[in-house]
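With chain A fixed as given, assemble chain B with the ligands onto it according to the hints.
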Amino acid sequence: MAHTASEWTLASDDAWDSASDSESAYRSPPTTSKPTTFTSLSSSTSSTRPIPVTPSTATSISGKSPQTTRQSTNGDGLTGSEGYTHVLAPSPSSSYSQGILGKPPSAAGWTMVRSPRSSRMRDQGADPEVENEVEVDMEGSVTEVAMGRNRRIREGREAIKYDVEDIVNDPLHAVHSLSSTEYEERVASGIGHPELQHQHAMKAQKRQKFVDCLTAENVDIAALRKLAWSGIPDELRPISWMLLLGYLPLSAATRKSVLSRKREEYANLVQLTFARGIEGLDQQIWHQIEIDVPRTRPGVRLWMERGTQRSLERILYVWAIRHPTSGYVQGINDLVTPFFQVFLGGYIDSEPSLFDPALLSPTALNALEADCFWCLSKLLDGIQDNYISGQPGIHRSVRYLAGLVGRVDAPLAKHLKAQSVEFMQFAFRWMNCLLMRELSVKNTIRMWDTYLSEGSNAFSEFHIYVCCAFLTSWSEKLRAMDFQGIIMFLQSLPTQTWGDHEIEVLLAEAYVLSSVWHNAQSHILKGE
Amino acid sequence: MAGSEAPPNLKLLLIGNSSVGKSSLLMRFTDAQFLPEDESSATIGVDFRVCKMEIGGRRVKLSIWDTAGQERFRTITSSYYRGAQGIIVAYDISNRETFDALPRWFTELDTYVTPSVVKMLVGNKLDKEFSRAVSEDEGRKFAQRNGCLFLEASAKTNVGVREAFQELVEKILDTPELWAPAAPRITSTATAKPQQSMPGSIDLSANAQDNASSGCSC
Ligand SMILES: Nc1nc2c(ncn2[C@@H]2O[C@H](COP(=O)(O)OP(=O)(O)O)[C@@H](O)[C@H]2O)c(=O)[nH]1
Ligand SMILES: [Mg+2]
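Residue numbers (the working numbering), protein chains in the order written: chain A, 3 to 530; chain B, 83 to 300.
For reference, chain A alone in the conformation it holds in the complex (with noise of 0.2 angstroms):
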């Protein structure tokens, strides 16, 4: 019985699942638009094999079908028509979802709508030499059937944007590079089915709630907070990012300065620090980086560049020089990879993982890096203590999951206690590269929108529920389990299949565990 993602039967919750799509979940603040139930991952025996989705038993409410989550969230190859059933818990806040977007798919496996960052991939036969095609792509399709497997992908050179310099000097410019009025008709021309439409709407309306939060002359960040809860959409993450981080002053007036400013100060940072060559480094933690570097993302094309290898080197290095009581800690470099694939993701319009960023001119190239390096920075700058010497905030965060268990989920906890199975042995990875080594950079990108909009505790704190929810939507499976069978699970968990669906579903019920428990922590690690 091999533990994989076709033995789960997901029960969600559809105000949750509806979350990220549904007008009315991002319209409300995130306190409204968090659930207050939520039915866990539950884990199902009964069967070996994917349940095949039928339009009755599966009803997504945010109208996508299993299969286009899957296939919309993880980009690799999809398989058939088998995936993931969503079964519907009934729930007291179903009604509203289910009332906007309840109705059923029609038919099992069908389209898949792009976001408007990759509706720029076509399956025409585009002369890879022309570049200026970008208007043509512009009216292109909107949607395409997802069965359509010979869709051609904008790859290399022709995936940059055409407005990519803009875009590096004001990340804000990614707003106006297609505005809503334009994705609406061609979301309004491009779709047959009523379903996707209506689907592409509220997506419409999303992103122009976004639009006018990061367009004001001074952003509101406790708004742009609020709807960065729920998602961010792709084309808007970058600004987003760059402003729920601090990086980006709110006040618009002042922003492309104290960006060229910022990427100055690395840029000088970087000719201090390797002025001397690679012989003038701290060579303890430069061949640690080396070494590091080359596995980080293995056999994902982007990191396997030398170009995204070389700066990746750099911000590291740089960090590390700059934070001497921590230096580089191996996880460290795990971090980088969302930022690097969000900023690059930015430029271009193709899948950033798939991305030589080489390709890129070398003024985009070294503000993606600095942008890097100084988001990196702010993240870390709120767990610092993960990584000086005992990482004593991992043993706290650890001591703190455990208590929390015990709470929540007592059963679960003793049988982990009787099978002599301590946190540490599975928690420290988990703390020490944020869950990254569990779920995949798509999932922690997803994350992050939410961890962001929780403010700069969130990756010490709110992280402690994330993964006290996570553990406990196995409890089930892991009860059943001895020792051994415990750690290697945890070891090598079935979230390979995961999209921004079941991300979601984590992120909701650990925000319900962090309105619970909050005021009893001090309690708890006491008692531990």
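Do not take every clue at face value.
[To be verified] Here are the simulated lysine-lysine pairs, DSS-like style, with alpha carbons at most 27 angstroms apart:
no.	chain 1	residue 1	chain 2	residue 2
1	B	Lys143	A	Lys419
2	B	Lys143	A	Lys479
3	B	Lys143	A	Lys416
4	B	Lys134	A	Lys419
5	B	Lys253	B	Lys238
6	B	Lys134	B	Lys238
7	A	Lys479	B	Lys134
8	A	Lys528	A	Lys416
9	B	Lys134	B	Lys253
10	A	Lys264	A	Lys380
11	A	Lys419	A	Lys528
[Claimed, not checked] Partial pick of chain A residues on the chain B-facing surface, computed with a CB cut under 8 angstroms:
no.	residue
12	Ile223
13	Pro296
14	Gly392
15	Gln427
16	Met490
Please keep in mind that the hints were generated in silico from the structure rather than gathered at the bench. Note that beta-carbon positions come from the ideal geometry of N, C-alpha and C, so glycine has one too.
Frame of chain A; chain B with the ligands shown alone:
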């Protein structure tokens, strides 16, 4: 088949500098696999693997902890020495630094384990003969001075890997005081619920991508 008594469950630990190939040696041994440079990722904290082995007609079950080499992780990885019967200390024969770091690893060993625990020094990446930086003789002498077994190996070309684990386990089996009376924790785990099917071991076969040939057979 083997004797009638339950197979001893042995706990092994892999230590050594970062990137010398500890995880690769283990994966070669348990899964008969080698991941090239651009497909393997660094161990964070510790990883755990199990496998069964038959030695001279005796069955043993191995629980192997693979640690991360970075200094910063020592506070947590050092706790895994507890209860270990065998330790593999690895270095990279093409990287002098990893050999020069051995005294530090042995100092740590002396702090955490009893002298009877069996130690095996493995000089890995033997396939990189062309850029060898530590002679075999140096390796052997160091091992002798520190009272441990020694082998050169390559996880990449599958040389000496099985032998390294096998010799280590044989020596442990020759030292009954290491496992016969003790090992209370693991034994109790294994026998606590004999009636229950053990998902863990099934999971193991699911994880092993290639069961066909391996030093670690069931
Ligand atoms: N040439 C060669 N490379 C190896 C060998 N064993 C491991 N490697 C490579 O060395 C790097 C580090 O290996 P890894 O097992 O992660 O080292 P660890 O940090 O000690 O666990 C990886 O890129 C491996 O592919 C070997 O026997 N020969
Ligand atoms: Mg390793």
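Each hint, compared with the structure:
At most 27 angstroms may separate the alpha-carbon atoms for a hinted pair to count; Lys143 (chain B) and Lys419 (chain A) meet this at roughly 22 angstroms. With a C-alpha separation of about 24 angstroms, the suggested pair Lys143 (chain B) and Lys479 (chain A) falls inside the 27 angstroms cut-off, and the hint holds. A hinted pair counts as satisfied when its Cα atoms are at most 27 angstroms apart, and Lys143 (chain B) with Lys416 (chain A) qualifies at roughly 26 angstroms. For the hint linking Lys134 (chain B) to Lys419 (chain A), the alpha-carbon distance of about 25 angstroms falls within 27 angstroms, and the restraint holds.
Straight-line distance between C-alpha atoms of Lys253 (chain B) and Lys238 (chain B) comes to about 25 angstroms, which keeps the hinted pair within the 27 angstroms bound. Pair hint Lys134 (chain B) plus Lys238 (chain B) holds up; C-alpha atoms about 22 angstroms apart against a cutoff of 27 angstroms. In summary, the hint linking Lys479 (chain A) to Lys134 (chain B) is supported, as the alpha carbons are separated by about 24 angstroms, within the 27 angstroms threshold. For the proposed pair Lys528 (chain A) and Lys416 (chain A), the alpha carbon gap of about 19 angstroms is at most 27 angstroms, so the pair holds.
The hinted pair formed by Lys134 (chain B) and Lys253 (chain B) meets the criterion: a straight-line CA distance of about 16 angstroms does not exceed 27 angstroms. Our distance criterion of 27 angstroms between C-alpha atoms is met by Lys264 (chain A) and Lys380 (chain A), whose separation comes to about 13 angstroms. As the CA atoms of Lys419 (chain A) and Lys528 (chain A) are separated by approximately 18 angstroms, the hinted pair is consistent with the 27 angstroms bound. Using the Cβ-Cβ criterion of 8 angstroms, the hint placing Ile223 (chain A) at the interface with chain B is not satisfied: the shortest such distance is roughly 33 angstroms.
Given hint, Pro296 (chain A) at the interface with chain B, holds; its Cβ is 6 angstroms from that chain's nearest Cβ, closer than 8 angstroms. A least Cβ separation of about 5 angstroms between Gly392 (chain A) and chain B falls short of the 8 angstroms threshold, and the interface hint therefore holds. Checking Gln427 (chain A) against chain B by beta carbon gives a least distance of about 7 angstroms; that is within 8 angstroms, so the hint holds. At about 5 angstroms, the closest approach between the beta carbon of Met490 (chain A) and any beta carbon in chain B falls short of 8 angstroms, and the interface hint on this residue holds.
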